[in-house]
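Peer 1: In the order they appear, the protein sequences are chains A and X. For the first sequence, full-length UniProt numbering begins at 1 and goes up steadily by one. For the second sequence, full-length UniProt numbering begins at 1 and goes up steadily by one.
Hints may be right or wrong, so weigh each one.
Which copy? The list can't say, so a pair holds if one copy fits it or any two copies do.
Taking lysine-lysine pairs in the DSSO-like style, the calculated list, with each CA pair at most 30 Å apart, reads [stated by the list, open to error]: (1) K394 / K162; (2) K394 / K118; (3) K8 / K117; (4) K136 / K394; (5) K348 / K177; (6) K424 / K118; (7) K106 / K394.
For the record, the hints were derived by calculation from the structure and aren't laboratory data.
Number of protein chains: 2
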Amino acid sequence: MKNDFILKGNICYSETMDRLWVAEQQYVICVDGKSAGVFSEIPEKYQGLPVKDCGDALIVPGMVDLHAHAPQYAFRGLGMDLELLEWLNTHTFPEEAKYASEVYAKRAYTMYVEELKKSDVTRAVIFATMHVEGTKILMELLEDSGLSAYVGKVNMDRNGGKDLEEKSAEKSLEETKRWLAETDGRFQHVRPILTPRFIPSCTDELMRGLAELQKEKKLPVQSHLSENPGEIAWVKELCPNVSNYSEAYEQFGLFGGDCPTIMAHCIWMEEDEIEKMKNNQVYVAHCPQSNMNLSSGIAPVRRFLSEGIPTGLGSDMAAGYSTSIFRAMADAIQCSKMRWRLVDDTQKPLTVEEAFYLGTKGGGAFFGKVGSFEEGYEFDALILDDSNIAHPQKLTVRDRLERMIYLSDDRHITEKYVSGRKVK
Amino acid sequence: MKNDFILKGNICYSETMDRLWVAEQQYVICVDGKSAGVFSEIPEKYQGLPVKDCGDALIVPGMVDLHAHAPQYAFRGLGMDLELLEWLNTHTFPEEAKYASEVYAKRAYTMYVEELKKSDVTRAVIFATMHVEGTKILMELLEDSGLSAYVGKVNMDRNGGKDLEEKSAEKSLEETKRWLAETDGRFQHVRPILTPRFIPSCTDELMRGLAELQKEKKLPVQSHLSENPGEIAWVKELCPNVSNYSEAYEQFGLFGGDCPTIMAHCIWMEEDEIEKMKNNQVYVAHCPQSNMNLSSGIAPVRRFLSEGIPTGLGSDMAAGYSTSIFRAMADAIQCSKMRWRLVDDTQKPLTVEEAFYLGTKGGGAFFGKVGSFEEGYEFDALILDDSNIAHPQKLTVRDRLERMIYLSDDRHITEKYVSGRKVK
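Kindly produce the complete structure, drawing on both the sequences and the hints.
Peer 2: Printed below as a string of C-alpha cells:
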C-alpha cells in the first residue's frame, strides 16, 4: 500500500503488565495503519517499503489519555487550593458555561488541541461541555489534528447552577440525540461517547434515558466514580435506594457489561464495588495528578491490576495540569509509593514497567488493539529524541525509557503517528 | 555604580509566608548587587540608571535549592523503585565512587552545573562526594557559572562499602581540613559547608572532630534527618545512648544554635525533635519529590511553619529528578494535600503563596537577605516569559505566577541574576 512504511530505531513496548519488550536497532513495520510486528531484519515481503532511520531515538507506542476535560484546559494550573465540589462550583462550572459561545469554544478548544498534538498523547477520551455546538467544534478540531478520540457532550440536568444546567432530562436527551445525529458519520477518527457528568449532575430520568440511548446506539459511556469523600456522601444522600456509588450507575445499566464504560478516579472503593468493576470489566481511568491537586486521595491501582480490572491513565485536565501521559506515569508511581507508605503496605508500589503499561496498552485496550507494536495493533507511535538529556555514561534503552517517564517534555517527541498517520 | 540597573515588569515577591506582593508594571532597582526596592516611578536619585523593560514578563526572586547532591545528577530519573537504604547501596554509592576520578567528576559536574544555570535556581546548598579533588572541581564550576552556592565535601567513615568510605575518622578530618585550606579565599560566590552524610555514615569520633572544626572555623553544617523508618531504626541501633535521631546530631553540637544547620527531609519527627529544631533554629530542607520517589513519607511542613522553624525547599537531586524549585513548590503543595487527606486533617495543606515563600524567602534566609525584592535583599532575580502558555482569557499577575509553579520549565526563564550578576 502506498502509505506503508518502516521505522528503524530502539523499540520498546509492553508485552504484559510487567514485561517490557526492548528491541535495539530493529524495525517496526506499518501496513494499512497497523503494526506488522517488530523485526531484527526486514522480512522479504516488506523489502520495498520506505525505511525511516530514527538513528539512536526511541520508538514507543503512542500514549492514551483515558480521561480529560477539554474545556478546562483554559484554567490549567490555576485555582487548585480547593477540594472537588468547591472547585467545580468556583472554577469549573463558570468556565464551562462560557462554551455556550461558539466563538469562545473555538478559541479555547483550538489551544487544547494544539497542545495535545505536541504532547505524547495519540488517543484520548474527552469530556466536552453540555453544549452541542461547542462539542461539535471540539470534534472537528480533533479530527483535523489526526489524533484519535472519543468525545462526549456532557449531560447534566441538576446541580450545575443557573449557567451550566440543562433545563430537564428530556431537554438533555433531546440535545444528546441532536448531537449524535448531527455528527453521525462525519468523522473518521473521532467517535461519540455518552457522558453523564456524575451522579450529582444527573436525575434518574436522565440516566434512564441515557441507558436507553446506550442500548439503542451501542455507545460507550464515561463518568466519574468515588473521587472525594464529600462527593460520595452526597451521592448517598441523592440515591438512598442504592448501597454504594457504583450501584448508582449500575441500577441503570450504565456500568460496564454490555455497556463499555470508563470511570474516572475510583479512589474510595468498597469491596463489592471492586468486585462489580471486575465482573463488569469497567475501565478505571486513574488520574494521579488530579487526585493530588484536589486532595482527593490515592486510588488502589495495585488492587485493580491484581483483580484484572482494566486500567489506564488519565490527565484529568485541568484538575491535572499536565497533558503528558509520561508525567501521569511518574505521578502514578509516586502516588502508589505514598499509598504503600501511608495507607496500606500490603499493596506494593507500581513499577516503571507497570506504569508504562498503564499509559499505553492498559488504556489503549479501550480503543481496541492499541498501545503495543505486536502484530495487528494500530500503528500509534512516538519517536523520542532524548539526546539533549545529558548523561556522563552509557545507558541501556530500558533506562532511557525510564528517564523519559521522569524527564521528558514535548521537546523530546519529535514525531507522532496515529494508525500510521503522521500527526507531528 | 557602573553595574547598577533597573528592571521594569510585573514584579512578585513574598512579603510574608502568606502574603505575596504583586506590582504590575513597576521598577525594581539593583544597586551594588542589592535591591533598592520596588517603585511605581523611578526615584530621582536612580534616574540615570539603565532601565531594562521586560515588557509583560514576570520578575520574581531567584529560587533557592536547600538540598541537592551534585554527583547524583548523572542518574536522575533512574532506579527509583527502591527505598532509601537499598537505593543508596544499589545506585548512589557506586555512582559517587566514580568521582574519585577527576576526569569523571569534571565531565559529570559540568553537566549538572549547566543544567543548574538554565534552571530557576540562583542559590543552592550542595553535597559533593567524599573526594577532595572532585569537590574542588564542582566549586570551580559553580563559581564560573555565577551562581551562589554552599558546597560540602562529604564525610563518611563507615557503612559506605569498600569504594565509598574514608579509611578512618582521622583521615576524613584530615581531608576535610585539606579541602578547606586549598579552597580558602579562592571563590567569591561559593562557600564551604561541613557535610557529615548522615549518622549511619559517620562515627562518633568523626562527628566530634567535625564539631571542633565547626567551632573553630564557624562553618555551617548540612546533613539528613528522619527520612525513612528503616534509616531511623538503624540510627537508634547505632546510637543507643540518645533518645532520637536529632539528639544523635545535637550530642556533638551539630544541630543548630551557634552552628547554622540544614537538615534534609525531617519526615518522621518526634515531638521533642520539633521542639529542638525550633529552639535551635535548625533549617528544614523539605524535599517533596524525593520523599515520594523513595517512598519515604510526607514531612509535617505546616507544623514547621506554625512553629517558626525555618524551612525551605530542596530538589534532593537525584532522589528528586527535577532541578526546578517551581516544580518543588508544586510537589510540596501536592504532598501537603495528601498528608492532610491521608495522615492528619488538622494540618491544612500549603497554599500557593506559602509554597512560593518556601522556595524563595524561606530557603533564602540561610544565605542572609535573599529571596525577596525588599530593600537590602540580594538582587537575585528571574525574568519569566510565559507568553507561550496559551490561555483564552486575561489573567492577573498573581494567577500567572501560580501557573509558573505548575507549568514552567527552563524555556520560560529568559534571564537570571544573582546579586545583580547576569548568569543567564
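Peer 1: The structure should be examined with respect to each hint, and the outcome stated for every one.
Peer 2: These are the hints, each one checked on the structure:
no., hint, result
1, K394 / K162, "between (60 Å within a copy, 24 Å between copies)"
2, K394 / K118, "both (28 Å within a copy, 24 Å between copies)"
3, K8 / K117, "within (23 Å within a copy, 35 Å between copies)"
4, K136 / K394, "between (49 Å within a copy, 25 Å between copies)"
5, K348 / K177, "neither (45 Å within a copy, 45 Å between copies)"
6, K424 / K118, "both (7 Å within a copy, 27 Å between copies)"
7, K106 / K394, "between (47 Å within a copy, 17 Å between copies)"
When each numbered hint is compared with the structure, a violation occurs for hint 5 only.
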